[in-house]
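**Q** Given these sequences and hints, build the entire structure.
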Amino acid sequence: MLCWSMTARLILIFLAAAVVYAADPPQKTFPFSYTQEDLPNGLRLVTIPTDSPNIVSVYIVVQTGSRNEVELGKTGFAHLFEHMMFRGTEKYPPAKYDEMLKRAGAASNASTSNDLTVFHTTFSKEDLPQILDMEADRFENLKYSLEAFKTESGAVLGEYNKNSANPGQKMEEVLQDTAFDRHTYKHTTMGFLKDIQDMPNQYDYSIKFFDRYYRPEYATIIVTGDVDPKAVRPLVDKTFGGWKRGSYHADIPVEPKQQGPREAHVDWPSPTLPMITIAYKGPAYTDANKETAALDVFSTLVFGQNSELYQKLIVREQKLDSLGANSPASVDPDLFTIRARLKHVEDMAEIRQEILDTVKRFQDELVPDDKLDAVKKRERYGFTMRLDNADTVAQTVAEYVALKRTPDTIDKLYTQYAALTPEDIREAARKYLIDSGRTIVTLTGAAK
Amino acid sequence: MKWLALIPLLSVCAMAQMRTVALPGKTPVVTLRLVFTTGAAQDPADKPGLARLTAEMLSGGGTKDLTYKQVVDQLFPMAANVGSQVDQEMTVFSGATHIDNLDAYYKLFRAMLLEPGWREEDFKRLKDNAINSLKVGLRGNNDEELGKEVLLSELYKGTPYGHYSVGTVSALEKMTLDDVKQFYKQHYAQSNLIVGIAGGYTPEFLDRIKKDFATLPAKDAAPMAAIHPPAIDHTRAIIVEKNTRSVAYSFGFPIDVKRGDPDYPALLVMQSYFGQHRDSGGVLFQHIREIRGINYGDYAYIEYFPRGGQLMEPPQNVARSSQAFQIWIRPAETPQAAFTLRLAVYELNKLIKNGIPQADFDRTKEFLTKYVNVLTKTKRAELGYAIDSAYYGIPNYNSYIKDALAKLTRDQVNAAIRKHLRTDRMVIAAVSAKADDLKKQIIGTGPSTIEYNSPKPAEILAEDKIVGSFDIGLRAEDVKIVPVDSVFQ
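Here the protein sequences line up with chains A and B, keeping their order.
With our numbering as the guide, the letters of the first sequence map in order to residues 1 to 448.
With our numbering as the guide, the letters of the second sequence map in order to residues 1001 to 1489.
Any given hint could be a false lead.
Stated by the list, open to error - Below 35 Å or equal to it, Euclidean Cα-Cα: the simulated DSBU-like pairs (lysine-lysine) are: (1) K1124(B) <-> K170(A); (2) K1174(B) <-> K170(A); (3) K1419(B) <-> K1439(B); (4) K28(A) <-> K1069(B); (5) K377(A) <-> K1026(B); (6) K343(A) <-> K1107(B); (7) K1135(B) <-> K1181(B); (8) K1064(B) <-> K1219(B); (9) K170(A) <-> K1434(B); (10) K1402(B) <-> K96(A).
Treat the hints as calculated values from the structure; they're not laboratory data.
**A** This is the structure we're talking about:
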């Protein structure tokens, strides 16, 4: 039996070794060489040496976010686990875990979005074996009591509370809830308040959630900085090699096609500036065609700081104090959103119409070539300049790993950017920024 | 090596003329950071917010030859911008560019700072932004930052630090373009300027910057006054009343210790042990969040630390000649808010009485010795720290901290704690709904209570009884309630 399993393991290691390669795609925007390797248990390792003397960053991406919260009344659990993962194991109880991090001089934290939960630590390179040992242990052996679970749910409510003074959070909650019917993007990553308040009663479900998603096939380890990939792999084999593969696949509901425009309004109980968000159902992230890149460029060209609309409404007429758009980059189809904050509530109807007219206009007109070239340059320089240290390299790669589980997608996406024509941008706007897929949310504050 | 070269340069040039902090490197990104040692502390008494609005006019307005739109259009393809940051004693203009665009970027940067456009339409827009950032950004949306800034304004009342750097709504409404021009003329001087640069630039490029900025007046027309925070006779509280779900606190008092002072490393160890920013290992975090699940986090500070909700690491170039010890308690649900405040002061009292245990002292020292590498992991941060070191007159921050920690003893830390910290004579700032109710619960000995959603160990419940009646020294007459609309109005 022992011999068989060892043989099987050797075969698996051999197969895994076959996918090890140094990526060298045709057009390189991502300026670092890296290795990408799959362990036999399905865990993926991406190692990226960067010029960061003595510093190493470890980012562990779990491809689980609020998107994976498929059960009614159980929103906010991906984020709750971002918290629970600091509640310790038998080998490293919380106090010991903290002590080890302290001894490593580490900066450590975690975050959650709709598609991922990421745990990250930046520290001095000599502590890499120790950090990997601690990380592997908590991913495999997290153990918490009912009491610890209930206590931590209080901290999650505290996080909701600290955001709750900001009307922007409420706008997001209402936007997602209004725009989506079935897909889990209907709720924010924090979750519905009623579900957060019910979390203390969901200990058993929390264990189920961990058992489903904290599995090697959902996880990718990104190691950047002063590292040698050849030395990192054996460390990861040793620490994460025993982690057992799971079997759960979430059945994420498919959002039916929206059949007409939707609206919602938020009456904010305190004085604040009025806001409007105009959103459209967009595509899922893709590097296989130009849609993601085209909508991103559209958002910058039409609503960015040097766009005609921004210059008119913010700089000249000064009716708004902020304007911007976000194009979707999520695993499943998500929203293209245009957000504006007004100085005077009486301008609301006019601003709304102005934004809608602008969207329509660029479905007819082509953006000028020189403006498109300027955006392409900006995208490239902006991306490169962001990658100035081990931490931001890992952070950037983590965002893409959440989507496609590989940094390869970065160069593929930027190849799409480089090939964009004015027609591509108009086509994406015509396809996605349509009235039947639109949701408008407005917010006005209380009179003084 | 670069510091060996820099230190003599700084000491020769200090105060008389422009200073330079240069960190050449191989990176294709060049980071510029020009810091003027002027700021909100030099706002005229009737014009709080003027220093910041002046900086905003430079970084967010047009130049003599280019409208703001033209500036934005030119910066756009470079993915670059010119940002500004104003605190009490420092005004920062910063940006980064790829080396490909260095010449074009610098031409804009130079013109924005040395040949401002002073257009009325830019002024109106930026003034509106400042007013809205007070009314909406701070008073409306950010209870935590509001609490911190209210605390600091109270601590420094009557001194040049006695107002928030963004100013007040009424003063901003009255401010004119001439006020801004006047501030620029008086305080944007070579004697106030530290030129910071990092990355792949050439020595000739640095010479060009120095030559360009040598056209500024040689000296500040009205140098910075010394800051003497008023004594606090006894603990008092200010509760900002607004419609909000939970209660945010900041409290503390000025301390006579800043970077470079003998007790700074000792207090840095205390800060890290008691409440390292956004770290789960601090005493406050452990007792308030980890054990009791009350809120999102609880931290301690010995230096000004704005935007703590967004920043994971300390900002640079908010150096001050006077610093305050502050505790930041993130929003707690209203029913346990009074207990939470008592718990934080109780923990502070324990810290002063018992000091830092030996094991924690060793661990914290080890942490900080390595953590400084993380703090300076980017060229941008390294440059920011180097500029602050020039301001405080200390060597490279990393070596300053590592050398000081190597010599530091636990007795020194505990002595510094006893010398500089206290639980009486504090100012407490709270942001809360139903301020009268909160006031009743935080004065005297309570008792304040807490209810848990799960069983707690007997020792925690026993401690809760003590905490609930712990007198933080507040008398009813020392609690002031102010409506949120009146704050920074």
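**Q** Hint by hint, work out which the structure violates, then give me just those numbers in ascending order.
**A** Violated: none.
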